[in-house]
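Enquirer: Sequence:
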Amino acid sequence: MVKDVGRFNVEGWAARDASGILSPFSFTRRKTGPDDVTLKIVYCGICHSDLHQIHNDWKRSRYPVVPGHEIVGTVVEVGSEVKNFAAGDRVGVGCMVGSCQHCDSCSKEQEQYCEKVIWTYGSTDVDGSVTFGGYSSLMVCKQSFVVKIPESLPLDAAAPLLCAGITVYSPMKYFEMTEPGKSLGVVGLGGLGHMAVKFGKAFGLQVTVISTSPNKEKEAREVLGADHFLISKDEKQMQAAVKSVDYIIDTVSADHPLEPLLNLLKVNGKMVIVGLPGKPFQLAATGVVMGRRFVGGSMIGGVRETQEMLDFCGEHNISCMIEKISMEYVNTAMKRLVQGDVKYRFVIDSAQSFKAAL
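In my numbering, each residue's number is its place in the sequence shown (first place is 1) plus 164.
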């Protein structure tokens, strides 16, 4: 770690344009301020939103893009006002690195909905620079946006919890989809979906995985512990399962119809959407009104809730199923991610990839 004019020199990988091709990129981060925690990045998960951002699919990317918001590592330095973290601590930084701290959302510890939220990459940071994410060797973050990783969790498999994990945990808690004995439908068995299954089982729910892929049934049942499996393209199976679940969490980002899923809900059932399909949903009002069903959405979680989720995972031995890769493999990993060829999250071994930089 080398200081240059009061800033840290950092090695990372960035996309320079909408081709999305990532390559080595050197940049700087601010020095450790009084309220900052500086960490050596050990692992960083690859989220599907990273793929969208490097290709500018959402038309708001700011190049060069250094992606990554599932960051875990060890503390190397803390500011003078930092009391809850110390050098050597296992910590994480998720999707946010700042917010206004004054609005209604911030006052309710739901910083992700703050209109002035500072995202971990692609936002304007407190010092006016563009934020760069975790595909890099070093991170500097305000202490209020740093979380502790329980000692019981493997650091590599804990990284995706900071996005994939909290994205499904938060709505399950907020919308009270955790009552033991109730039934949960999980739509999609990817990075988010497999975490929803794990949380559902930990909460004592009967879990039904709903997927377009019949070949996922064996793993859903035998590895993840799902109680039931539905092939969403099989009309007979879907019809037989009408009004069979209390809750549904829809993790799919590909375009898909909602009404067949809504029909699976019992009266007073709840469906929460956490995926981001490209096309708007179409939904007949009768499907909601006639069964007094609720359809809502949710986005990640606040910092306090993220820490709560991590502690819950530590207590229940919950972590992500991952495939660990080197930084040099990242472009291949992105191609595989497009094809859905990963179980269930790629995690970059940053400590080894950027060994020389540290």
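It should be emphasised that the hints constitute simulated quantities derived from the structure, not laboratory data. Take these hints with a grain of salt, some might be off.
[As the list claims (entries may be wrong)] List time: in silico EDC-like cross-link candidates among lysine to aspartate or glutamate, alpha-carbon distance up to 20 angstroms:
id, residue 1, residue 2
1, LYS337, GLU241
2, LYS346, ASP410
3, LYS430, GLU343
4, LYS312, GLU386
5, LYS312, GLU241
6, LYS204, GLU343
[What the hints assert, rightly or not] Simulated restraints on C-beta separations:
id, residue 1, residue 2, range
7, GLN446, GLY292, 38 to 44 angstroms
8, LYS519, PRO444, 21 to 27 angstroms
9, GLU423, SER293, 44 to 50 angstroms
10, HIS480, THR376, 44 to 50 angstroms
11, GLN403, SER293, 52 to 58 angstroms
12, ASN495, GLY345, 29 to 35 angstroms
13, LYS519, GLN446, 24 to 30 angstroms
14, ASN379, HIS266, 20 to 26 angstroms
15, SER183, LYS507, 22 to 28 angstroms
16, GLY455, ASN173, 54 to 60 angstroms
17, GLY460, LYS488, 18 to 24 angstroms
Note that the structure is predicted; figures quoted are calculated from it, not measured. Every residue, glycine too, gets a C-beta built ideally from N, C-alpha and C.
Enquirer: All hints are to be evaluated individually against the structure, with a verdict given for each.
Expert: Cross-check of the supplied hints:
Between LYS337 and GLU241 the CA atoms are separated by roughly 34 angstroms; this puts the pair beyond 20 angstroms, and the hint is violated. For the proposed pair LYS346 and ASP410, the alpha carbon gap of about 6 angstroms is at most 20 angstroms, so the pair holds. Using a Cα cut-off of 20 angstroms, the hinted pair LYS430 and GLU343 holds, with the two alpha carbons roughly 15 angstroms apart. Taking the CA atoms of LYS312 and GLU386, the gap is about 31 angstroms. The hint is violated against a cut of 20 angstroms.
For the suggested pair LYS312 and GLU241, the alpha carbons sit about 15 angstroms apart, so the restraint of at most 20 angstroms is met. Restraint check for LYS204 and GLU343: the C-alpha separation of about 39 angstroms exceeds 20 angstroms, so the hint is violated. Separation of GLN446 from GLY292 is about 43 angstroms and conforms to the stated range, judged on CB atoms against 38 to 44 angstroms. Separated by about 46 angstroms at the C-beta atoms, LYS519 and PRO444 break the suggested range of 21 to 27 angstroms.
Look at GLU423 against SER293: about 46 angstroms separates their beta carbons, and that is inside 44 to 50 angstroms. The given range of 44 to 50 angstroms is broken by HIS480 and THR376, whose C-beta atoms sit roughly 29 angstroms from each other. Restraint check, GLN403 to SER293: a C-beta distance of roughly 55 angstroms satisfies the suggested window 52 to 58 angstroms. For the hinted restraint 29 to 35 angstroms between ASN495 and GLY345, the CB-CB distance of approximately 46 angstroms leaves it violated.
At roughly 51 angstroms, the beta-carbon separation of LYS519 and GLN446 lies outside the given 24 to 30 angstroms, and the hint is violated. Restraint check, ASN379 to HIS266: a C-beta distance of roughly 50 angstroms breaks the suggested window 20 to 26 angstroms. For the pair SER183 and LYS507, the beta carbons lie near 27 angstroms from each other, so the given range of 22 to 28 angstroms is met. In this structure the supplied range 54 to 60 angstroms holds for GLY455 paired with ASN173, their Cβ-Cβ distance being about 58 angstroms.
At about 35 angstroms, the beta-carbon gap between GLY460 and LYS488 misses the expected band of 18 to 24 angstroms.
Checked against the numbered hints above, the structure violates hints 1, 4, 6, 8, 10, 12, 13, 14, 17; every other hint is satisfied.
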